Every structure is written in structure tokens, then in C-alpha cells.
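Sequence order for the protein chains is A and B.
The first sequence runs 1 to 66 under our numbering.
The second sequence runs 1 to 691 under our numbering.
Worth flagging that the hints you see were computed from the coordinates, not collected in a lab.
These numbers come from a predicted model, not from an experiment.
Note that the Cβ used here is the ideal one computed from N, Cα and C, for glycine as well.
Please note that the accuracy of each hint is not assured.
To be verified - Not close to chain A: a few residues of chain B, all C-beta gaps over 12 Å, as computed:
hint, residue
1, I48
2, D82
3, D85
4, H98
5, A101
6, H194
7, R217
8, A241
9, A490
10, L505
11, W581
12, G686
To be verified - Which stretches of chain A does chain B cover? Using the computed rule of at least three CB atoms under 8 Å from a CB of chain B, they are:
hint, segment
13, 6-17
14, 41-50
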Amino acid sequence: MTLRTQWQAFRKRAVQTARLCCGVPDYEVYVQHLREHHPERKIPSYAEFFRERQEARYKGGGGRCC
Amino acid sequence: MHSATVKPSPAAKILWVAIAIVGAWCLGVVALRRGEPINAIWLVAAAIAVFVIGYRFYGKFIEHQVLRLDPSRAPPSVLRNDGLDYVPTDKWVVFGHHFAAIAGAGPLVGPVLAAQMGYLPGTMWILFGVVFAGAVQDFMILGLSLRRDGRSLGHMLREELGPLPGIVAMVGVLVLMMIVLAVLALVVVKALTHSPWGTFTVAATIPIALLMGVYLRWFRPGRILEVSIIGLALLLLSIWAGRFVADSASLAPIFDMDAKALAWWLIGYGFCASVLPVWLLLAPRDYLSTFLKIGTIALLALAIFLAAPMLQMPAVTKFIDGTGPVFAGNLFPFLFITIACGAVSGWHSIIASGTTPKLLANEGQARMVGYGGMLMEAFVAIMAMVAAVSLHPGVYFAMNAPGAIIGTTVEHAAQVISQWGFVVTPDELVRTAKDVGEQSILSRAGGAPTLAVGMAQLLHNILPGEGMMAFWYHYAILFEALFILTTVDAGTRVGRFMIQEIAGLIHKPLQATESWAGNLLATAICVALWGYFLYQGAVDPLGGINTLWPLFGIANQMLAAIALMLATVVVVKLKRERYVWVPGIPAIWLIVCTLAAGYEKLTGPISFTAAADKYAAALANGQLLAPAKTTAAMQQIITNNRVDMLMTGIFMALVVVMVLFCLNALVKAWKTNHPTAHEEPYVALGDVAAH
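Chain A on its own, in the form it takes in the complex (with noise of 0.2 Å):
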């Protein structure tokens, strides 16, 4: 790995740690999951993922899937 591509990965685990602090996961794991095992589903924007995310962490159980 050149030192530029560690850099990224370490940006990459910093922003998805401090994220997952908010309560926020990772939103293109997310897609692909939904890509691999629910291509019916309309994939959210962004935006839209958030704020169902936000909703859920204060609400103490949060959403399920499978």
C-alpha cells in the first residue's frame, strides 16, 4: 500500500467511526446490502437514510430488517 491509499483507509475508518458515534452507520454498506439481498426495495438517498437513522437512535429499539 503507498502512503496515500493508507491515508485513505485511515480517513475512511475515521469519518465511519465518528459517524457510528452519532448512531449513523455506514451508508454504502448499507446500499449494498440492500443491493445484494433486497433489489426490490427503493434504494434512500442519503439525506433520507439519515434522518431515519437519527429518528432511530432515540427511540431505543430502532429498525430492523431481516
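For chain A, the structure is supplied; the task is to place chain B on it using the hints.
Showing chain B alone in chain A's frame:
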């Protein structure tokens, strides 16, 4: 069974022997050197050595022998992957998330209060408590939840012990939560009383959060980092502006409030924040406080390493005999309930069975997140201890002793504290207050202000500048207030949902969380519950923290005892009886501590009963005792102490009931000759990945 233990290389063996020798040497200096102050670095180095050895050896022992975690087994994140809650996640990301979730105000407050006994007792309890109890609890509960689809503590208790113990424990959690919210809110009240600068900056977080909420909702949806940077800049601006507010003749009185007024504001605020839509106020403050929390902990660590302060407090003070002004009670059991978070915290068992087990990509990473995360938290507690004991002891006691003991003038306070053997002049107390930009530092118990002065002095050492100490002091106050208030808001919402669930059993429509009537009613009940204790603390003769912190400690350690008892029962149910002592001994220790502390709070000289009787006797004779100025206020103090007696009684009863349920389950499992734990069946990681 997949537990490939690699034989350590000779180099690794030499390294671990070296760490052990250095650790033992540092620990020896911390424990044995008397009469001359030692440097904080000794304490920090001893802590790091104890933690790495505990992690490498005891943590690994639990992983392989007790929990028998298996890297080849598919964890819940893989089995139930839904892309949202159950997601296999990088271990460092999970570690960061888990640490951010467990690190709160607790590890910062407890050690500061315990510093009245000197740095040695508290430090030893943090070091050995975390290795043998706290980290064991977090790690084992995480391990159990990993094998049970990421189920919650309550769910696992119902499954392994039966429905009734599950309900008993959940009632305990609800009551504990109300005490936690009250005592944390009280820390904020104590820090902001008659501090226009502090009150202004904390009040400014409300419009800042509203702005962030709107920005995040309409302008740039989901750009958390971006909006948090804007929020942070505005916060720093508000700290800077606070100085001018405090100096202004017209603005200062608006933000200059006494404890009662602040308590009412917080109660009102808590109500609004948990009724309003989350995106408007709660969520943006949450983001801001999360980042500020991590950043400030890192800053504190940096400051301690760079400033390397001398520890001015003696290793052991005379207050180990129970006569201390900060909290009453002997070293045993009160030290062990005063430092809860940082050594062992029951609250973590809820987190360790919450989101974290749903994110771990492999069982082999559980030790790092569960055991390692708690060691990090203990390190935060050690840093808080360093910040408190590197202060001048006279200043420390002036800040933490209640007004009823040291009086309300610097002259009187200096005289009383000097008599205790911590020589301090009134000038030193005045100068410290002036340095941090406050009118007075007397009787600001609760940990936050002491930590803030300690932090301000450390940061001022490495970044000197005219008037910067006052800036750092208010920065530290703001950071603590911000994340405490976020806990209060989020806790009120969770409490509201719990109450609505219970109310729904009686009258179904109340359960609908979307209904405004149900929402308002349940929120009002929840706020009234913690608000009662907060207000009680604000009018308390001994300043509130002295009274409420032990109640919080008892409750938190009660939950830890319950979690460790669950782990003990499961170990026996798995037929691994020879390791029953791993969770069993810390469980017994916590049961003994909570019951002993509870007993002393019910009978004897430092009990709530004695306080109630004293005021009742005075009232019967027609006397008024400070701080009460009317008979109604006297009556109020008597009622408050009786309520605290009742709470102590409830917690003790809960512990005893849970002990009986667990003993019953233990005996049954011991007699059965096959495993009876409710683990999910084994699925190989390879099988899931392939399909």
C-alpha cells in the same frame, strides 16, 4: 474448539518481564513513597503497565478459558446482517464507538470526590477494580450477548434466570436511571451556581444546537462532521464572549443564578428537549458533545504527559477514617461505591449488550473492544485523579467541602482547612477564583469544577497566556455540562418510552409513542422523577452531592453486581464450574459493598435516618437548622431524607432478591450434569460467508 495459542517467542517473554518489572517499580513508588510529592508520570506509568498486563494475561485467560470465544464462529453481525443495526464492522471502528458510548461524566467525577482520601486508595481501586471486576463485567456481558444474537441484558436475565428476576432487574434499571440523571444534572447545577460566564456559555449551546439542527435538516442533510466543526467554532466563540457577559453590569445578573433557579431551568429544559423532535435539539447536541468529549479526553492526556505535574495531595489523608468533608463514610465500603465508573460500572452492561455485539465482525475481537474499552475508561479515571490531586490540597478542599462545614467566606474556609493540616491562605483561594474568572470557588462539589481547575492549570502550564486559564476553565466546564445535558435529554426520552410501556399495560392508548397526550404525560412523569431528586440536591444542607452521590454509587454497583451474577450463573450453566470465581468474586465483592454502604446509609451516624431524625428533633423543639430558614424548609429536608432512606431500602432489597434468584439458578445448574445455558447454535463463519 478453535483456540490456537501460539507459544510466545523469547523476545516477547523478555518484553513482558520488562513491562512487569517497570510496572512493579512504578507501583512501588506510588504506593510506598511518603513525605515527598511524587510526579504524576509514576502513577500514569504504573496504570499503563497494570492495564497492558491485565489485558494480555487475564483478558486472554477469560477469552480462552472462561468464555471460550471462537474466531471460527459466525457472530450476530454476520448471521443477521441487515446493513443497519447488525453490520460486521472494522474492529477499530467498533472500539471507537464502544468507548464513546461508555465514556461519560462518571469516570471524571468519582475519582475527584475520592481524592479526599489521598491518591493512593482511589488509584488502587481503579487499577485492580478494573482488571478484576469492571473489564471482566463488560467483556463477559459482551461475550454472552455475542452468543445470543446480540440480546440485551434484560432479555438475557429473563432467559437465564426466569421472567420475574428479569422484571426485578428492569425496575432497578429504571430507578437507577432517574438517580443517574438527577445526580448528573446536579453536577451541572453545582458548576454553574452564581457563575454568569459558565451559565451563559452553557445556555448558548441551545441556539447553537438549534442552528445546527436546521442546517443538518435543510441545508446539508447528514453532514455531521461539517456541522460539528461549525458548532465547535461557535462554542469557542461563546466561551470567549462569556467573559464580557460576566463583566457586563446589565447582562451578568440575567445569567447569575442560585442552585434552585438553575435546577428549575434544567427541569424545564429537560422536558422541552425530550418532547421536541430529536433532529432539532437533541441530536445536534449529541454530535457536538460526542466529538468534544473524545477531543477533550485526548487533550487531557496530552496535558498530563507534557506538564507532568507533581501530586500535591498526600498519598493517604486522615479522611480514610470516614470524617471527610466531601463524602461521609469509611474507606470500606464508601470508596468502592464513590468510584463506580472507571473501576466497575453497571451501566456498561447495558451498552455491552446493546449496539456493540451487533457490530463485532468476529468473536476474536471481543476482548479488545470489551476488556480493552473498559481499560481505556479506567485510564480516563486515572487522569481525572491526577488532575484533582495535582491541585493544591487546600484549594481542592475549599472547592469540594460543603458550606455547612467550611463556611461561606474565604477567611473562614482557609482557617478550617488549614486546621485539617492543608495549610492555605485566603489569598490563595481568592487568587485561584480570579485566575479562572469566577467570583468564588468555595463549595463547588460535584467533580466538574475541580477537574476544570485542574485541567486549566495543566493546560496553562503547557500553553501559557494572559487570561487563558479562565478560558480553559470555562472550556472544561462547558464540555462536561454539554455531555451531561445530552445524557439527561436522551435519558429522559428513554425513560419516557419505558414509562409509556409500563403505562400501556394499564391503559393501552398510553403506549402509542406518537400520541401527544401520552408523550407529554410520560415525559412529565419522567422529568418529575429525576427533577425531584435534583431539586432535593439543590436545597440539601450538605450541598447535594454529599447526599446523592452515594445513592448513585449504590445503585450503579447494584447493577454491576446483577450483571456479574448473571455471568456467574451462565458460567455454571455452561458446566465450567472451575472458573466460577472469575465473575463470582467481583460479584460477591460488589454485593458486600452495596449492602454495607446501604446499611450505613440506613442506620448509624452518617445515615439518611440520622439526618432526618436530627431535623425532626430540632423541628419538634421549634428550632431551625441551616440551611432551612422556615419550618416548611425543615419539613422538606426531613421528607427528602426519608425518601432517600426508601430508595436505599429499595436498592438493598433488589440486590437481596437477585442474590436469591441467582443462588437458586446456580444450585440447579450445578446439579444438572449437562450444559443448560441458552446459547444460539454454532454456525461456522465460512458457511455464512459462502452462501
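Hints, verified against the model:
With a cut of 12 Å on Cβ distances, I48 (chain B) stays outside the contact zone with chain A, its closest approach being about 23 Å. Not every beta carbon of chain A lies more than 12 Å from that of D82 (chain B), the smallest distance being close to 3 Å; the non-interface claim is violated. Separation of D85 (chain B) from chain A is inadequate, the least Cβ-Cβ distance of about 5 Å not exceeding the 12 Å criterion. Distance to chain A contradicts H98 (chain B) as a non-interface residue, since its nearest Cβ pair spans about 10 Å, not more than 12 Å.
Taking the minimum C-beta to C-beta distance to chain A, about 8 Å, the non-interface status of A101 (chain B) is violated against the 12 Å cut. Against the 12 Å criterion, H194 (chain B) stays outside the reach of chain A, whose nearest CB is about 33 Å from its own CB. Its beta-carbon lying about 8 Å from the closest one in chain A, R217 (chain B) breaks the requirement of being farther than 12 Å from that chain. Remark: the non-interface label on A241 (chain B) is consistent with the geometry, its nearest Cβ contact in chain A lying 27 Å away (cut-off 12 Å).
Taking the minimum C-beta to C-beta distance to chain A, about 6 Å, the non-interface status of A490 (chain B) is violated against the 12 Å cut. With a least beta-carbon separation of about 17 Å from chain A, L505 (chain B) lies farther than 12 Å from that chain, consistent with its non-interface assignment. Non-interface call for W581 (chain B) relative to chain A: holds, since the shortest CB-CB distance, roughly 35 Å, exceeds 12 Å. With a minimum CB-CB distance of about 18 Å to chain A, G686 (chain B) clears the 12 Å threshold, and the non-interface call stands.
With 4 residues carrying a beta carbon less than 8 Å from a beta carbon of chain B, the segment 6-17 of chain A meets the three-residue requirement, and the given coverage holds. Counting residues of the segment 41-50 of chain A whose C-beta sits closer than 8 Å to any C-beta of chain B gives 4, which meets the bar of three, so the coverage hint holds.
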